[in-house]
Amino acid sequence: MKSLTVLALSLCTAWAAFAQNVTVKGIVTDEQNEPMIAAGVVQKGTTNGTITDVDGSFTLSVPKGATVVFSTIGYVTQEVVANGNETLTIKLLPDTQMIEETVVVGYGVQKKSDLTGAISQVKAEDIQNRTITSPEQALGGKTAGVQMFSSSAKPGSTPTIRVRGISSNGSSDPLYVVDGRIASSISGIDPNDIESMEVLKDAASAAIYGAQAGNGVILITTRRGKGDGKISYSYQLTSQSLGKVPKVMNAEQYAQYYIERARISLPDLYTNWDFKTNTDWLGYAFENSLMHHHNLTFQAGNDRGGLYISGSYLDNDGMFKGKADVYNRVTFMVNGNWKFKSWLEVQTNNQVEYYKARTVSDGSDYGSAVAAALQLDPLTPTTYTEENLPAFMRAYKDAGHTLLKDENGNYYAASQFNLSENVNPLVMRDATYSISKGFNINGSTAINFRPWQPLTITSRIGYRLSSGDTYGYNKEYYLSSFSHSNYMSVNSSTSNSMYYQWENFANYMQMFGKHTVSAMVGMSYSQNRSYSTSAGVSGSENGDDIDFGLVQNDPLFYYIAYATPTAVKSVGGGMESYSRKLSYFGRVGYNFANRYHVQASFRADAADLAILPKPMRWGYFPSVSAGWTISEEPFFQSAKKAVNFAKLRVSWGQNGSLASLGGYAYANDITSPGNYPTGAVLPSGAYEYITAYSPSSTGNDELKWETSEQFDLGLDLRFLRDRLTVGLDWYNKLTKDLLVTGITPSTVVGVSASPVNAGNVSNTGFELEIKWQDQVGDFFYSISGNFSTLKNRVTYLHPTLKDGLTGVSIRNYGTVTRFEIGYPAWHFEGYEFAGVDSTNGDALFNHYEDVLDESGKVIGQKLLGTTNAPTEVDKRDLGSGIPTYNYGLTFNAGWKGIDAVVFLTGAGGNKIFNALSNIDYSSNRLTYFTEDRWTANHTNGTMPAANATNWSEFLVSSGAVFDGSYMKIKQIQLGYTFPNKLTRKIYVDNLRLYVSLDDFFTFTKYPGFDPEIVGVGNSMGVDKGNYPTSKKVVFGVNITF
Amino acid sequence: MNIKNILIAVSAAILTLSSCNNKLDIPRKGVLDKSVYYSKEENLISSSAAMYLEVRGWEYSVQLCKNMLTDDFYAGGAARGDNVDLEALNEFSFTSEEDYVEDMFTTFYKLVYKANVILDNVDPATSETAALVVAEAHTLRAWAYFELITLWGNPPIVDHQLAPSEYSVPNGSTEELWAMVENDLNTAISSGALPQKSSLNDKTVWRVTKQFAQAILGKAYLWQEKFEESAKVFDQVVDSQLYDLFTEDVFGNMMQARYNNNCESMFESVRVNDNENMGDNITILYLMTSWRASGKEMIIPAEVCFNAGWGFVNPTKDLYDSFVAAGDDYRLSETMKTYDQIRSMGVTIEKNVISAGYWMWKNRLTTEEAIYSGWATYRSVRWMRFAEVLLCGAEAHLRGNYQTEKATTYVNRIRTRAQLPALNGVTLNDIKREKRHEFVGECLRFQDLLRWGDAATKMKDNGLLYPLCAPNGTVTMTPTGKTSSNAGFKTGKHEHLPYPYTETTLNKNIKQNPGY
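Chains as they are written, first to last, in this note's numbering: chain A, 1 to 1041; chain G, 1 to 516.
Source of the hints: derived by calculation from the structure; they are not laboratory data. Nothing here was measured: the structure is a model prediction, and the numbers come from that model. C-beta: ideal position from N, C-alpha, C; glycine also. Mixed in with the good hints there might be a few duds.
[Stated by the list, open to error] Facing chain G, according to a computed beta carbon distance under 7 Å, are these residues of chain A, among others:
#1 V22
#2 A610
#3 G662
#4 Y664
#5 T678
#6 L682
#7 S684
#8 S746
#9 V751
#10 S752
#11 D803
Same shape as in the complex, but just chain G (with noise of 0.2 Å):
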């Protein structure tokens, strides 16, 4: 054996191994390369779409949360305790490790990272499709913030995709935030790449629209006491002739799926009635939202609504009082159904139930629209109806000391649609009770009554008590077992909601809101 011949093997074979180096380099399967995916046209529209499947995705958390926050409904369920969370939103006696908070709170940051890879990564000017997604990503970022600064005050400005070193990010200060928005939206705004309706019924477009930009932009305003402009960008999207009030058929039915993307919304999340996509559809919203039914507390026909729900939304009666001083008794009918009114369409109730003898009637989900055994829907989600456009216009009208007849013409146009007489002329609390019976389960009232200052009012009692509704209609006030020292608003904490504990836990740089 020739000790030069092996070692000159055994090198051959080193060397040749040496080229496995390359074979190191497995390509990844099922992903796209980010380095080049932003640079081609026919990607931006899928990058886009990232965006609106965020923004659907948020209707659970946003919705049940919000509407929580308030003096029109008690968290219900099949008993107490079936949901704390909700109970602890409801009674305002939440702390910062609150889920539905921290889900709302990082999905609103979700979106805004989205939109930060867009705003990062595509030069508008390069495509109609790259100034559309661009204008989209502003929107849509600026809608976010909108929802980040009226809930939390002075949220972190993320305004780029973060890099690690960059993860602990302060709070934004106030004029900042609200800086950022605007100019988001005017940007967009002014772009020309937003899309518009045709016409009226045109029923086509489901992107953000350009008065659907106006609309946050006025209500970004509005909340900054910006009167007079607030008020010109709202006659804008009023002037564009491009949106009315829903007058196809009752109030009532106003929500329901066969309605979607009617004359009125200003935007919505769009869900399809597809059995073969059916996960790309669903959601468990309604089921929450339903009438307790689930256990067979109560029998609804189904010619009524979906026979199955959870009962966790249910409205309380200082709600129903106040539609009854009002004279509204259209509006109320179409929104709500008492017991006797249940009873009279074959509905029983067989157990006790919580409910303060009233059901959500203009946002029941119908047994057709409850595919997939209530899993899915196809009912689009209502973002922005214009009749918010109408009295969001009227209150900067008023508030601004502007066009204040236009904002008696903007709550009479409500107020006809309501079968109501149309006044002539509108104070603040006009608008108040036009926009708490308008929009009831609609989830703007927590952030109206913060900005109007009635929050520590209308809910200081929220909490103490809950309803019990017998069989026989008997509706029993119940102690929760609260007291006003752990449940009810208080002052100088709950005009803001907590940052997660996760994030203040995780970031340093951040500053816990009072209270909490």
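Next up, chain A with everything else stripped away, as it sits in the complex (with noise of 0.2 Å):
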């Protein structure tokens, strides 16, 4: 990339003639002897200069004895005194010390001093040794404006990843770009093959993406062959546990409970329960497990090319007891890239990956295998043997009902304490069984042309080919008449997609004395078809079904093929789907003197009828951004010993989202609701019917693009000759004409609303990171920290919205969040809790009255007093599950071998909405709701008695919402390298040795799971019993020969 990266440089043309010049004319090569082009050569203190040229060979005429400079990025500038017409072979050697950083922007490159915009970069070097799986996972507490949000953290689940703020209703996902190609997922790639990860922030980086980008863009480099053939392997072994464990009632506090809510009686508790048994389900339904991570490369290069060549196994058994929750990977990766000609370059990427997923069922109010290992009842055992299986259990046995058993042979055991969805997990295991399986081959291939110096036409294509198939059987089975299943059921599905893009771009940069010039522009194309069929088989053998569906009632005919022919079956698929995008782009950027830099760039998006109408089908998102490097000014020269570097930087643009749209959802066609009888018989004796055809929606042909408009102000500072890095960015961020869709925009309208552009979002945040790095001796340390603000508001909806969308209930309790003007994103609504009743022990709140104004208008609300029967009109804000504010912090140090990091992030100023408690059952709960209840003895209880009335107020009310503030130590690592004299005796270059503690403490008030593991989207901070983090012990071992 050196022939690309040298195109940064500037120089000066100016001529100056005297008496008694000499001609200087040779050759610059780099290290290995190779022509290197377009590096300076300049008469020192003066504008006289040339940049060589593709043979690398420069001519220059200088007076006598004047010094020339010869210099390029990432070179040692040497100089040579002209002393007569002369011949000189310049050999650069790389500047091991002070390498400029470069940054790979939207197609280019540029050097980190240049930047206008506000990129973040997460390097090879964070990301290297960690238990994370995926790249998404690698973004966390290393970047400043960037937030994980995640429902799930089981195997092979990766976080919702948010760049500065919540910016939709619908998705806010950032766009990947892997190598150019525009990716779907990242989640296959293995993080040890990422060279870097640049998140382009603010609307100008972004703005060269155009409608895709507006919720920032996620820039992956895969990495590529360097040195001179390096093989390296290593293995990481993880032991996971549960982390932080909830904390719920033991069985003598459960019977208490449930006696005093009247839901057991005491003759009840003595039939069934034999006063030992105390279960502990967490216990039960998670065990220690294992994830082993294997990773090999094979890689050389050189100034011409390079190949990389990787695999990697990754085989994570989850917690969950057994292998039922699993994650399998192999991926493998070529990537080469070779300079055929001085001005022809070839670079290809590809990626293989395979995979294969088992999950358990968790984040569901209405049963899960995680919430039913904190809601089951501790008086029910988990087995029951032959022997001692309780009558009710041997009558369900007697009336022809398929018991389940364990690996042990014992029957699960039922409760007669909790009948509710949720029930003993190992059975919500077994009944169902499911697993994904697929491969993606990924890749971007792509040809640079140099037919002129200043000038580099790029042609790419990108490649994605996805074929996925699901498999899963539910068996008939038995536990209770609220958990059982009188069918059984195959189902199978397979799907595939084939995406391509070709993308043609030019860039040409140019230097005129001291100011540069450059430009980019380019085109793209991109198709996506998408193909898939299902197919289900399901009968019943005791059930009402005339026959058990399958021809045989033994897993090895499970399978849709050994279906009976009057087995009941459904298809559905088997219809191919496209999208097509079609886009225009380009950049001018202009720099004077490294001092004042500018920059605009241009984007036209052209979407395809399934987004958007054909008349708004184009959206044009235009963006601008200046760069002042202040220590280039001549009056900040004293300075320079502290402040060696100081650039300001200010940018503007637009970018738009489709995250809500597709499926034709403007259009106003005719669907058919069904079929109506006539009551008539045809001659064929069937019933006659006429289907219903009528419009499927009111249509709204003015849809369009989602723009976000952002403004960013950026510092950047370098201390103490780089030993102190700190970057500054405030920005403001407003994303107009959300896409709303499956609104009402009124009852009487009479059919369903098409979406509408019709709300605006506000993200504003300050943005920190700062680092310092220094070396004393054998002693090598750096700290680096990142903090950043966030301000996210709902700043506009249609008028028609006036109360918001509602987003996602708990059970029917009521909805808890809201997406409204004036809050944040979903932000929590509902009662607020105002203490216990002392005379009765139930609930209070808060109770507001409306305030009218003159017209009758409703203009506030008017504290009442307490009601233990709250209305619409208590509802109230109780917070948002958006952080204010996260930081991360990494500590690094390295003292001979010895190497240690210190990796920590956290959040604050978010809540969570604990929905862990199941009230409609007899259904165990944290015992923070039980322990300080209200009792007949204990009249001053902060929580509400255990028959109290209104629990389902309680449940939606701030009585239920915690701080969901958390600090966690991600990582604490210790490793050793061997000492290269002892490793050279068995071949190997480089031996290192590691042990690390990740995920293993969090400091948090929540009494729940995991607070980063709390619902993603209008569930965002709604903990409905998520599979959390695992803590991790790691061993791991990297090797190089």
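Fit the two chains together into the complex; they arrive one by one in their own frames, and the hints show the way.
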């Protein structure tokens, strides 16, 4: 890439003529004697200079005795005194001390010091040797302005990334671009194969991706072959276990509680509890499990190119007991680049991924394996042997029902106390089997022509071939009248998609004296085709159906292929669907003396008909940005010893988002709501039906792109010869014309509403990235930190949506999130818990009344007192799941062979709505809600009585809302690299062993599982029993040959 | 490498890709184009079927909601609290967030929309089919508005498909609303396009007929106290001789599927006994209304009725007593059964059930009708019986002092079938009593009580007590915990249902009815 990066040079071409001139000519090469193109050749202290041509040669006329300076980015500058007409061979050596960092930008590369936008970088060293399994996870805590939200930490799950806040009521996913290829998912990339990740945060940086960049862009650059032949192997063994465990009632507390609640009678208790059983369901459902991660790479490279080949194998068995939650992944990467001619380089990056995943259910208030482990009563044992099977279960068995057994042949126990959809978690595991497998082949291949020194033309094809299938069956079983299935079913589906994009763009850069002009223009076309089919068979042995559905009741026959002719069958899919995009884009830049930088870009995007109506198809996305490198100003020179670099940046731009669009949502087409029988019988003997047709929705011809507009102000500072670097940014981002789907504009319209552009969201924040690094003798250390604030507000909604959009509900107790003007996106809404009524133990809530103006319009609410029966008017803002600040801190230290890393991250200002209680049944609860409850003998309890009449109101009140702030120590790693002298003897260049504690310590006041894994989207911050992050003990080895 | 060649190649590539622009026009699969759909005659019957499908969809919320809002029933279920929405309706403690009320309101407007689509897009002059579907659209829209006006008072007028800029529709004025209903019905009736039965026993007509349109028009006049117009139009229905009271079987079997579309039926939503297309005939209404047996609270022999209902609709003692006081024994025994009667049929009660000791008989779901485990039935939905034409006609004649002898004739036709002696002359009270006894559970009483101004007296105590019937038949009236401050019909409030909270939230131009 050297030949590309040297474009970013500043040079002078002014001509000065003196009498005693001599002509200096020659060739500039790099350390491997290859000609160096576009290296600067300047008479020192003047503007007289040139650059080397394609062969590395130059000619310059200078006064005799003048000093000629040879320079290029990343190389040590050389000076030669011109004593006469001579031919020189200048070999520039790499500047290992101070290689100017480059940053990948959209359709190009820039020197970090030239940037005018806000771009954060995560580099390979931030990613390696961590227990993360997908690239998304690498972003959390390492960059300012990036937040991670997660609804599950089960194996194979990936967090949701938000760049600079939540900018939509729909998806706010950033755009992922891997080696120039727009990627729908990046989880198939092994983190070890990543060279760097750039987060384009401000609108100007992202604007070159236009319509898809409204939520930020994450550029991933995979590795390239370097060095003279290296083979590396790394292995990581991770032991995982439950981290923070919520405290629920034990058997005695549970029995007492539900006796008070009059759900359990004493006779019931005597019949169904042995007064000894005290089951720890969490301990039963979860176990220590192992994760193995192997990685092998081969690489080599020189100045003409390189080859990088790597393979990885990941086997992550989750914490749920048995192989119920497993994620296996094999990746293979081949990256190559070669400069075939001085004007032609070809590069290709290719990744192959195969995955296999099984998961357990979590994050649902209507029953999941994780919620069951929290909510089951401790009075019921886990299993019964044949001999001690209680009478009611024996009765089920005698009635011909199929009872499920564990691997030891014991029957899973059914509870007689908690008759809910949550049952023995291992029954939930065993009654259904589901697995998904698939592969992705991704890549991009680019040809870079350089017909003329300042011009590079790139043509690049990116592709993705995906294929996946799911297979599962549900068994016929009986556990209780609440949990049973009279049917067996087998389901299978397969899907594939083919994506390609073709992009052509040209980069131009030319220097005229102190002026540098750059331009880029290009186009992109992409198409995705997807296709899927699914089929299912069901039947029942003991139930209503005439047959079992499959020819044999034997797992070896549990396939669609063995369906009986009379089985109930279902089929779906079989329809290909396409999406296509067409774009044109361009960028111009100007830089004067490395001091003043301006840049402007423009992109025009066209969407296909599935997304927008034809007249609204095109979206136009401009941006401008400017930078002022103050440290290059003459007046600054005296300060340069302390502050060696200072730059002020400012940018503005617009970007789009299609997050909520697609599926012809705007259309007002005719669909069928069903068939109507006329009562007549046709000659065939069948009943006559008329297929009814009517418009499916109102239609919206004016649907347009969602647009984000952002202003960014930034300051980059480097102090004390780069030992201290500081980056500061302030931004204000307004997302307009949010696409709101599923709205009811009014109940009298009489038909479903098509999506409308009906809202604005603003995100404002301050970001700080700071790093200190130093070396004292053999001791090297660095501290890098980042801190960002976020103020998220919905600023506008269409007047017909004056009360906002309703989000997620907790069972049927009420809606708890809302998208509403004046509040953060999907903020919490509910009653304000105001303590317990000391007379009867009911919860009390603040009671309000509407305040009206003269015209009768509601202008506010007035607090009247408290009530035990709150109504709609008593619902208030109860905070938001979005942190108002995030931070991360990484300490690195090395001394001789020993190295250590401590990495911590945290968030604050967010709330968590705890939805782990289920009052419809006698479900176990967090002791937080029960320990200090009102009882007749403890009338000043702070929690409602067990038999309070308004628990369903309490559970959607501030009583169930917690401070969600947390600090996690994500990594404490200690490594040792064996001395080279020793390892050489066994032909090993480098051998490092390390141990690490990952995600081991969490500091929070939240009494649930994991404050970091509590829902995404409109469930943000609503904890419905989500699979928590494990705490990990890690052993690892890195070997390089 | 020649720069020019490369530039030419790149320019060519970009130009090639420009032609990709039309590749973006990806056609949508599985839909029909609205711009041409309604211009094709063969599509019109399908767009009319969408209206009939919508009407049939009313059944669940309309029937449960309207029956609960009376003095005839208690809300039931497995136990108190099983369905708080139905309890709130029955006890007049509901708010504007009541789901059944919102469902009913929105479902009426869904029909209005489907009618408006036809009225906006189809020119009746283009074909006979076009004239038919336009007349149907007018009739059905008018019917929806009759319900909206009589239940909510002054609902928004939506007489065309609304554009997004029109979504905040204000309340309509009573005059404009009734004018719209009358105009729609008169247009439909005078168009001559509505079908009529060929004879009394013609069972092939399933669409709305001219006589049904006239009957709705008669009701619209009656509610407006335009008695003479009302009486005249009801007379036209009677005089058509195309409808008569059902006498093929006993009164209590009339509702059964085997008598779908009988001579008394003015309009039904069709269901058929079609195992192949169960999804097109599904409903859970009858599981809701059947006797409480799903938890084995009652064991019901299959020949009595379906043995797995949820028991949400239970007759009151006041209703029973009203029959007894009138000596209306035959119709009583065909309408509901007492504890002793069901015991003698072999029914046992195993656990306490919510019941005043009476179980609906006329509306029972027989075992043979309860197909697909009761999740479906082939009983068509009876929306209007000829008996209603007679009693509404009688009321119009009587109150309009028009041809009062006709009032007596009409009432006596009803009484004769009910095996009651003929009256020599009728009073409004006679008509009120006949109407209550004739139409138990047929969704008419709430609107009648409102019109007669009797609702406050009849339903002031709704919600204070509910009955529990023990296995031995002992009925205990149990306090619900509500008092007359938060239960029972309230004058000045419950004369109208509330506009749904959703609507008042979304529509700043709508004014909520008083008291909500």
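Evaluated hints:
no.	hint	result
1	V22	34 Å, violated
2	A610	6 Å, holds
3	G662	11 Å, violated
4	Y664	5 Å, holds
5	T678	6 Å, holds
6	L682	11 Å, violated
7	S684	11 Å, violated
8	S746	5 Å, holds
9	V751	5 Å, holds
10	S752	10 Å, violated
11	D803	5 Å, holds
The structure fails to meet hints 1, 3, 6, 7 and 10 from the earlier list, while all remaining hints are met.
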